[in-house]
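> Take a look at the letters that make up each chain.
There are 2 protein chains.
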Amino acid sequence: MHNFIRLTLISTALLIAASAVASDSLPSWNDSGAKQAFLAFVEQVTDPSQSTFVPESDRLAVFDNDGTLWPECPMPFELAFTMDEAKRLADAQPELARDPVIQAAINRDFETLFAGEKHDGFLKLMALTHAGISADEFKRRVNAWWETAKHPEYKERFRELAYQPMREVIAYLRSHGFKIAIVSGGGMDFMRVFAGPLYGVEPEWVLGSSADVTLEMEDGKPVVKKQSSGLSINDHEGKTKRIYNHLGRRPIAAFGNSDGDRSMMEYTTIDNPYPSFAMYIHHTDPDREYAYDSRPPFSGKLTTGLEAAKQHGWSVVDMKRDWNKVFSKPITK
Amino acid sequence: MHNFIRLTLISTALLIAASAVASDSLPSWNDSGAKQAFLAFVEQVTDPSQSTFVPESDRLAVFDNDGTLWPECPMPFELAFTMDEAKRLADAQPELARDPVIQAAINRDFETLFAGEKHDGFLKLMALTHAGISADEFKRRVNAWWETAKHPEYKERFRELAYQPMREVIAYLRSHGFKIAIVSGGGMDFMRVFAGPLYGVEPEWVLGSSADVTLEMEDGKPVVKKQSSGLSINDHEGKTKRIYNHLGRRPIAAFGNSDGDRSMMEYTTIDNPYPSFAMYIHHTDPDREYAYDSRPPFSGKLTTGLEAAKQHGWSVVDMKRDWNKVFSKPITK
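First to last, the protein sequences are chains A and B.
Number 123 in numbering that gives the first Met the number 0 belongs to position 124 of the first sequence; there are no gaps in the numbering.
Number 65 in numbering that gives the first Met the number 0 belongs to position 66 of the second sequence; there are no gaps in the numbering.
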């Protein structure tokens with residue numbers, strides 16, 4: 000055989016083999032445009048022979064959490080935790096049970112909780128369940144809840160509800176030298192409890208909403224205490240600013256599911272000296288998951304984000320079409 | 000030879016060999032108590048056969064920067080940058096040259112700059128040199144300065160003045176699975192420019208003083224801009240709170256040189272479920288470096304810290320006695 004033909008055949012075989020390996024790394028994805036765009040991006044930035052190559056230290060990917068890595072319906076999981084905590088606290092402290100905010104939480108009376116422009120009731124509930132205790136105690140409470148609490152519609156533990164296709168994306172990026180950060184509107188301390196076991200993301204890489212902490216010496220021992228003051232919601236432009244402050248570099252890949260993720264996607268893709276990639280998860284599957292662009296009052300809205308996706312060429316995942324599997328095991332509502 | 004004796008001899012030989020390897024990793028350290036305490040700690044937490052073993056993911060070491068990883072006399076390097084920037088700005092913008100604060104900086108008139116309880120002059124100088132510009136532009140300016148600027152007394156570029164013994168400590172910890180974070184009173188954005196080249200510490204792991212940033216769209220491009228509002232000084236208890244917020248876990252080793260580092264050392268060592276270690280660098284070498292516990296107005300004070308070191312059994316490095324070398328090459332004042 001002519002050497003050139005032999006080489007071409009070998010190269011082609013290698014390319015097919017490489018592509019099969021890549022496909023096998025994302026088994027929960029159908030072979031759609033979204034998957035192909037993602038694989039092409041990763042190849043582009045990791046192939047040292049291409050001018051689009053990005054050094055490993057600059058490969059940062061950021062992920063929203065609620066609605067991007069796991070469901071956010073019928074309410075974000077942290078809100079479910081908050082409701083369960085209200086009940087637990089009321090059982091333990093009868094004087095608290097009489098508090099109208101705790102009562103509203105127990106009765107799932109969201110109208111009362113979210114009344115008024117500033118949602119005073121909800122903020123008070125957050126203070127009662129997320130502040131006034133040590134950071135260690137809060138972690139213990141989240142851990143205890145996390146062990147057993149179940150999703151109200153899937154009737155399965157929340158901890159089983161991470162999207163399998165997104166876990167595959169994280170693993171694929173990580174195996175290609177990417178740093179992975181979670182940049183979510185959820186509470187930083189809440190997410191740090193399970194980001195390790197669920198996604199292999201260590202606490203340093205979890206950016207979320209937060210409030211003040213104080214440092215107190217109790218019996219000569221330093222104790223970090225959670226406060227309700229200084230609340231900083233990590234959403235919209237706040238996500239971009241927090242990425243800058245916390246991580247100190249620009250991501251080259253961003254994944255989200257709502258308008259609140261648009262700013263960090265713009266920061267990732269517009270005027271970035273490196274090749275970049277952004278992907279929206281679009282909730283289009285009413286049977287296996289949920290179908291919505293907005294489900295007041297709790298879900299993220301996806302309206303201007305879809306427009307921006309068209310404008311900037313971001314990928315949009317059609318969950319129903321693009322994912323052959325939603326969770327790691329068969330879980331149905 | 001009896002098998003038991005043979006085994007003992009082999010073990011002893013191995014121990015001596017291991018200790019020689021360890022010593023070789025810290026060649027700029029004399030064989031003093033401080034070095035021995037440090038090596039013993041690392042062995043204790045990395046030997047899986049011991050009950051004191053700490054899993055790799057929980058091995059976090061935090062380092063102050065000014066006075067701990069490089070000198071802080073006659074003034075912190077960032078203050079030298081600020082003075083040089085004032086001169087550069089005055090040359091470029093004659094209208095700025097008339098500003099009394101810029102004039103004070105050019106004339107090294109620290110009395111004017113630091114007058115008043117709130118140091119208004121200095122704050123204004125910081126705003127002029129550190130804010131109102133994009134984060135990218137600030138980075139460019141620091142980088143340009145960093146390439147050539149020289150220390151006023153060593154007459155050597157600042158970039159050559161990292162303490163060689165501390166670089167060895169960082170390398171030794173890193174080779175033993177430790178994560179390394181810099182937790183300094185210096186500006187976060189300033190330090191992130193050189194923490195990589197000097198210490199191999201990526202920007203995510205550099206915690207420092209910071210102020211607000213804004214996100215602005217300029218010609219459709221997202222630009223992060225540095226502001227002078229919202230200044231947060233990373234010192235004393237602020238260091239501990241920032242470690243909690245940014246890193247989400249407790250260090251098991253802390254290195255500092257002033258009372259401002261005491262809080263993070265307490266957080267590291269008091270009531271930590273893991274074995275822990277803290278080390279003060281004591282400036283005792285007037286010839287090769289500086290000798291001081293306090294050099295107003297710029298250096299850190301080391302007074303209550305030395306008391307705390309005694310109380311808690313922290314190591315104290317006598318720079319003159321314990322380091323056989325201060326910098327990587329011979330540099331003298």
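Incorrect hints may have been included.
Below are the DSS-like pairs computed for lysine-lysine, each with C-alpha atoms no more than 27 angstroms apart in a straight line [as the list claims (entries may be wrong)]: (1) B:Lys240 with A:Lys300; (2) B:Lys240 with B:Lys220; (3) A:Lys178 with B:Lys178; (4) A:Lys178 with B:Lys220; (5) B:Lys123 with A:Lys220; (6) B:Lys309 with A:Lys138; (7) A:Lys224 with B:Lys123; (8) B:Lys309 with A:Lys240.
Derived from the structure by calculation, the hints contain no laboratory data.
> Run through the hints listed earlier and report the numbers of any the structure violates, in increasing order.
Hint check: 1, 2, 5, 6, 7 and 8 fail, others pass.
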